[in-house]
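2 protein chains.
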Amino acid sequence: MPDARRFTELQGPVPMYRGGELPSVTIAYETWGELRGRGDNALLLFTGLSPSAHAASSAADPSPGWWEYMIGPGKPIDTERFFVISLNSLGSCFGSTGPASIDPSTGQLYRIDFPKLSVEDIAAAARGACHALGIDHVHTVAGASLGGMDALAYAVMYPGTYRDIVSISAAAQATPFAIALRSIQREAVRADPAWAGGHYAPGQGPKDGMRVARQLGILTYRSAPEWLQRFDRERIEGSDASPDPFAMAFQVQSYMDANARKFADRFDANCYLYLSQAMDLFDLAEHGAGSLESAIRKVDARRALVAGVTTDWLFPLWQQRQVAELLEHAGAAVSYHELDSIQGHDAFLVDSDRFAPMMAAFLAGMPEA
Amino acid sequence: MPDARRFTELQGPVPMYRGGELPSVTIAYETWGELRGRGDNALLLFTGLSPSAHAASSAADPSPGWWEYMIGPGKPIDTERFFVISLNSLGSCFGSTGPASIDPSTGQLYRIDFPKLSVEDIAAAARGACHALGIDHVHTVAGASLGGMDALAYAVMYPGTYRDIVSISAAAQATPFAIALRSIQREAVRADPAWAGGHYAPGQGPKDGMRVARQLGILTYRSAPEWLQRFDRERIEGSDASPDPFAMAFQVQSYMDANARKFADRFDANCYLYLSQAMDLFDLAEHGAGSLESAIRKVDARRALVAGVTTDWLFPLWQQRQVAELLEHAGAAVSYHELDSIQGHDAFLVDSDRFAPMMAAFLAGMPEA
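Chains as they are written, first to last, in my numbering: chain X, 187 to 555; chain Z, 187 to 555.
Honestly, I wouldn't trust all of these hints.
Since the list gives no way to pick out one identical chain from another, each pair is judged satisfied if it fits inside one copy or across any two copies.
Stated by the list, open to error - Taking lysine-lysine and the DSS-like style, the derived pairs with C-alpha atoms no more than 30 angstroms apart in a straight line are: (1) 484 <-> 302; (2) 393 <-> 448; (3) 484 <-> 393; (4) 484 <-> 448; (5) 393 <-> 302; (6) 261 <-> 302; (7) 393 <-> 261; (8) 261 <-> 448.
Derived from the structure by calculation, the hints contain no laboratory data.
Just need the whole structure built from these sequences, with the hints factored in.
See below:
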């Protein structure tokens, strides 16, 4: 299989935001475009919970990436101008150090002995990776969903190392609703006996629990109007004849099930639990003695793009407005967008009609070197 | 334990809406007030998915019922005027025949050999129970959530046997979003090995799966703004010191967990699966050759109360408007209310400030005998 990933090692021990440390850290990343100077044209891209670093295709890996429409020559994040760095998050399972990695101090998998993971640790690992790549100061820090939380944490933690911020469908802190939802997803995984307290064999594990968790994820990443438009009450042919009295009967079930099975096969359950919990714990106010306003004052962005989606009920618009207002409070020139998309939280992945022009316009503000 | 339930036996075999039959059916019910005539002052009340027939306290069972604020002497459903009949749904587990009952033809529990359950079967069993009680024609058929679906089905199936309808936070058909959500809940139950294909010991069963399913229920029965107002990001003291890396950290988790455990202990898993699926399958259009408009023409209600809640995302307002418009189409004088409550789908259970006056005003239209 083609693989465009490269790897960088951060010098350990790497302290973790909520205590503990990692003896060493590997970060998997991909890049597109040519680096200028010490990072003047660098765009540091954080991912959501589930993707790898493969945000776009390249010669080394021509398979489509998770933001294929957004990144490439002549695309909104134009790789003829930008040097794009996409990272696999610390704690994930696509090449970066996480619960599914081997703890060099024991020779065993970390599993649930991995220290508590925070959004701040993902941001810090990214900072370390940039440093290792010779990048002192990036043009833009960007991300959506968890990636947007990462970008906001990065901005608060490392003022002076970036110029602009892009925060899409993110939040300054997790709401109790989102916490409750992710907590249910984690319960589904942990209630599966195959989880075995985290001690399943590599590649095995709680597939049923992960399937339930991911179905709930899929449901919350989109919107009820979209399900209605796409599937309405369309039935699965022949389901009435099934001997299983609870056989799937509707196309919407079949869609969710197929997607969830793919995820359960490719994502490590312990990594999922750690990343999910990191989102719950995220609260930018921790950087301002309990005050979001105090925390945000540390940010020294010149410009910020903040965007959300009308039908996003996981990271609702009021949270996007809050992020925009906070960044204005910090002195950034904020370009704020409420996009009227039917595709909910995940609209940024699929609704190129709305997201591409917005991103292109924002980044067009970039002066030529 | 005090018990105000009475039981009525329907003469079998009882045919089921989607095929199969039950050799006999028992329906558990409670009543309040005095019956006049053949039902002139009767209010037939259907319940949501989870309650028993115990809708209100009485001398025989002074414990508070699930609609305690609504039903009683001088209350909105005034038992000095109305004879209220509340039924435990067919398929449930609080005295009525369901998957947790013994199949008289085998002497074994039905479990998953219970025939497919539909909202129509619940309505038909209620009609049978009324008949057995000597009630030909009720004053009002009422219900909320699943109970509202039951009431709508009853109205379409038995014109000429009721005068008015009350449909609260219900729907004329299940949306794909609600189907997806309930499907995930059922998957959580069925993925629990303790479900054992439905063959768990009575009183035992998939407690973990039921707990996950119910947590998701609780989450969807309320609204994100309510969680924010009630819990915000309030922490559980000492959770950081837990040896469990995924210990509950937020009060919202603790609340959901405690409630879900209670439910898992008291509700039979197979009954839950059947009732949940019945809601997915509900589509009033089946009574009109695929057309809601055709189906609703069978309704001959004089008046209808239709109400929904602004923050209900499980049975959203557009579905309430749809029910109201359909009933107007059927010639009923519709009193339609969009209640601005923060408590979401379950507001009818708790928001007496908004629901009590509305119900009282609607029922005040009742002429004295």
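Outcome of the hint check:
1. 484 <-> 302: within (25 angstroms within a copy, 60 angstroms between copies)
2. 393 <-> 448: Both: 10 angstroms inside a chain and 27 angstroms across chains, each within 30 angstroms.
3. 484 <-> 393: Classified as neither: same-chain Cα gap 42 angstroms, cross-chain 48 angstroms, threshold 30 angstroms.
4. 484 <-> 448: neither (41 angstroms within a copy, 46 angstroms between copies)
5. 393 <-> 302: Result: close both inside a copy and across copies, 23 angstroms intra and 28 angstroms inter.
6. 261 <-> 302: Close neither inside one copy (37 angstroms) nor across copies (53 angstroms); limit 30 angstroms.
7. 393 <-> 261: neither (37 angstroms within a copy, 51 angstroms between copies)
8. 261 <-> 448: within (29 angstroms within a copy, 54 angstroms between copies)
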